[in-house]
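Undergrad: This is what each chain is made of:
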Amino acid sequence: MNDKYLPAIYTAFALGIAFLGWRIDNAYYLQLLIFIGLNTLLALSLNMLMGYAGQISLGHAAFYGIGAYVTAILTTTYQIPPVLALPAAVGAAMVIAWIVGMPTLRLSGYYLGMGTLGFGMIVHIVLREWSSVTGGASGLVGIPPLSVGPVEFASNKSYFFLVWAVVLAVIIFCRRIIDSRVGRALCAIHDGEKAAAAVGVNTRRLKLQVFVLSAGIAALAGFLYAHLVFFISPGSFGFMASIKIVTMVVIGGMASIWGALFGASLLTLLPEWLHAFSEFEMVVYGLVLMVVMIFMPRGLTRGVVDIYERYRKTHDRQ
Amino acid sequence: MLRIRNLKCFYGRIMAVKGVSLSVNAGEIICLIGANGAGKTTLLSAVCGLLADWTGQIDFEKKSVKGMEPPALVRAGISLVPEGRQIFAPLSVFDNLKLGAYTMYKKKAHAAVEEDMESVMELFPILRQRRRQLAGTLSGGEQQMLAIARALMARPRLLLLDEPSMGLAPMVVEKILEVISLLRSRGLTIVLVEQNALAALDVSDRGYVFETGAVVLQGEAGELLADKDVKRAYLGKDYGDFYDAG
Chain A
1 MNDKYLPAIY
11 TAFALGIAFL
21 GWRIDNAYYL
31 QLLIFIGLNT
41 LLALSLNMLM
51 GYAGQISLGH
61 AAFYGIGAYV
71 TAILTTTYQI
81 PPVLALPAAV
91 GAAMVIAWIV
101 GMPTLRLSGY
111 YLGMGTLGFG
121 MIVHIVLREW
131 SSVTGGASGL
141 VGIPPLSVGP
151 VEFASNKSYF
161 FLVWAVVLAV
171 IIFCRRIIDS
181 RVGRALCAIH
191 DGEKAAAAVG
201 VNTRRLKLQV
211 FVLSAGIAAL
221 AGFLYAHLVF
231 FISPGSFGFM
241 ASIKIVTMVV
251 IGGMASIWGA
261 LFGASLLTLL
271 PEWLHAFSEF
281 EMVVYGLVLM
291 VVMIFMPRGL
301 TRGVVDIYER
311 YRKTHDRQ
Chain B
1 MLRIRNLKCF
11 YGRIMAVKGV
21 SLSVNAGEII
31 CLIGANGAGK
41 TTLLSAVCGL
51 LADWTGQIDF
61 EKKSVKGMEP
71 PALVRAGISL
81 VPEGRQIFAP
91 LSVFDNLKLG
101 AYTMYKKKAH
111 AAVEEDMESV
121 MELFPILRQR
131 RRQLAGTLSG
141 GEQQMLAIAR
151 ALMARPRLLL
161 LDEPSMGLAP
171 MVVEKILEVI
181 SLLRSRGLTI
191 VLVEQNALAA
201 LDVSDRGYVF
211 ETGAVVLQGE
221 AGELLADKDV
231 KRAYLGKDYG
241 DFYDAG
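Chains as they are written, first to last, in the working numbering: chain A, 1 to 318; chain B, 1 to 246.
No lab work stands behind these hints: they were computed from the structure.
Hints are supplied without guarantee of correctness; some may be wrong.
[Said to hold, decoys possible] Restraint-style ranges between C-beta atoms, simulated for each label pair: (1) I99/A / E61/B: 35 to 41 Å; (2) I294/A / I14/B: 40 to 46 Å; (3) I294/A / E174/B: 43 to 49 Å; (4) A14/A / R131/B: 30 to 36 Å; (5) A89/B / R205/A: 21 to 27 Å; (6) E61/B / V304/A: 50 to 56 Å; (7) E309/A / R131/B: 19 to 25 Å; (8) R128/B / V229/A: 54 to 60 Å; (9) A112/B / A27/A: 55 to 61 Å; (10) L134/B / E279/A: 43 to 49 Å; (11) A111/B / A14/A: 32 to 38 Å; (12) R3/B / V304/A: 54 to 60 Å.
Treat the numbers as computed from the prediction; the structure is a model and nothing was measured.
For glycine and all other residues, C-beta sits at the position ideal for the given N, C-alpha and C.
Looking at chain A on its own, in the form it has when it is part of the complex:
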């Protein structure tokens, strides 16, 4: 539909990033934008699985955590340069996703939700209790900054550019998949698994593949997170983190690449804006989410489009 505008959209996106990076010097704002980028990656990864293929995961933070911990352990305990730890971090998450996905993806609906929830909890407990390797509840410190050859991403600004370049690359990558034969097959599985099988889609294998891909993207976000904050602990990868990713996808809009971006932005910024409410912060936070869901049940992206179309319709009638 908007295929021919895609290159223009990507260019505008890249220019937007360049502009923001050029104008913003405030460390706090840069940090916030970096976190929006990381959350966008997480939302994109879950969106491929949940929004497009219709497979719910309530344990997605586990892959985020695996990505972060693998690189943290390799770069601190074993002193391996971060660039080499990257394939290990992403690869480990993908292998684990493959092993876990084989039995789990036979489930569907609520049961798949329960299965992935259990997986997320197991990973969280392992991170917390396997002290000799993961540092236990107090986590790992002294993770080195990311550097590629002579280029070091130590400053907030350089990290901002790095993270958003990755976000753009992942957006383009996901978009390419969705517009392909595989993307159509994913939507077919979402709409009717039996019908998808009847036209010859190997539903089991495809679900597993998208699960593994999704885990890989989440682990990439975890890798970037670890080298941003230099300190990680299990608390960042627990059940609440998984729920937050699900919320970002649902609020932003399922089966929408840009929805992932909006959802991640809103859920990252909202707590910052709501500091003014002090102890009522969480109440207002919940309230905002409820209002969005009541008035835009299909998420922000669709919601805005719907409002625009309704406006145009009433406008045309006059």
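Using the hints provided, position chain B relative to the given structure of chain A.
TA: Showing chain B alone in chain A's frame:
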């Protein structure tokens, strides 16, 4: 072309098909009739691999299909038009057809897909008009046409149709049955499951009558049409008509 011997299908402990044997020769239209729950849909599911829990023998072109999964069977040449159409509602007509050719793309047969796209749109011109529309917005008849067209995109040699007349206006049913006859004349072998026995037998060569998981009657379509039991049970004549006639 298709040979089924002593097929028993299970849903857990329930036996839904209780020892059915039937055969379909190349170029035939075979019709399976019977009431709800007689096991017709279950039999089709077993043939196209959607149901794995069965015993007995199903041979397609002299090779057993035991253990084959739906994608492999689609590639082997069996396509199913599922009950209730099961088109992909949120996708466009175009994308639905492309999905039908899913296995063809795997064979890197892009040119063949283009060709098939043209030919199914010739078969159902309405789909050409609607090709950019979302499939869920089509009327029931159009959705059924789309479901058939989608199945044809995989270039099947055996087409399994599960209740294509369900919930459709008589005129649309007629149009669809016309297409089915046309497809047969082009060399396609067809198994047609129907509750609308009169319409189905009209285009079929032979038929099998199902009752609670077993075949109770079989024969030439003409014979079945004339059979008193079939008339009573499936053609909407009740005992009263026979009393009056007798």
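Undergrad: It remains to establish, for every hint, whether it holds in the given structure.
TA: Here is how each hint holds up against the structure:
About 38 Å separates the C-beta atoms of I99/A and E61/B, a value consistent with the hinted range of 35 to 41 Å. Checking the proposed 40 to 46 Å range against I294/A and I14/B shows it holds: the Cβ atoms sit about 43 Å from each other. Between I294/A and E174/B the CB atoms are about 47 Å apart, so this pair conforms to the stated range of 43 to 49 Å. For A14/A and R131/B, the Cβ-Cβ distance of about 34 Å falls inside the hinted range of 30 to 36 Å, so the restraint holds.
At about 24 Å, the CB distance of A89/B to R205/A agrees with the hint of 21 to 27 Å. As the Cβ distance of E61/B to V304/A is approximately 54 Å, the hint placing it in 50 to 56 Å holds. Checked against the hint of 19 to 25 Å, the C-beta distance between E309/A and R131/B comes to roughly 23 Å, which is consistent with it. At about 56 Å, the CB distance of R128/B to V229/A agrees with the hint of 54 to 60 Å.
Checked against the hint of 55 to 61 Å, the C-beta distance between A112/B and A27/A comes to roughly 59 Å, which is consistent with it. The hinted range of 43 to 49 Å is satisfied by L134/B and E279/A, whose Cβ atoms lie roughly 47 Å apart. The beta-carbon spacing between A111/B and A14/A, approximately 36 Å, falls within the hinted interval of 32 to 38 Å. Distance hint for R3/B and V304/A: a CB-CB separation of about 58 Å, consistent with the stated range 54 to 60 Å.
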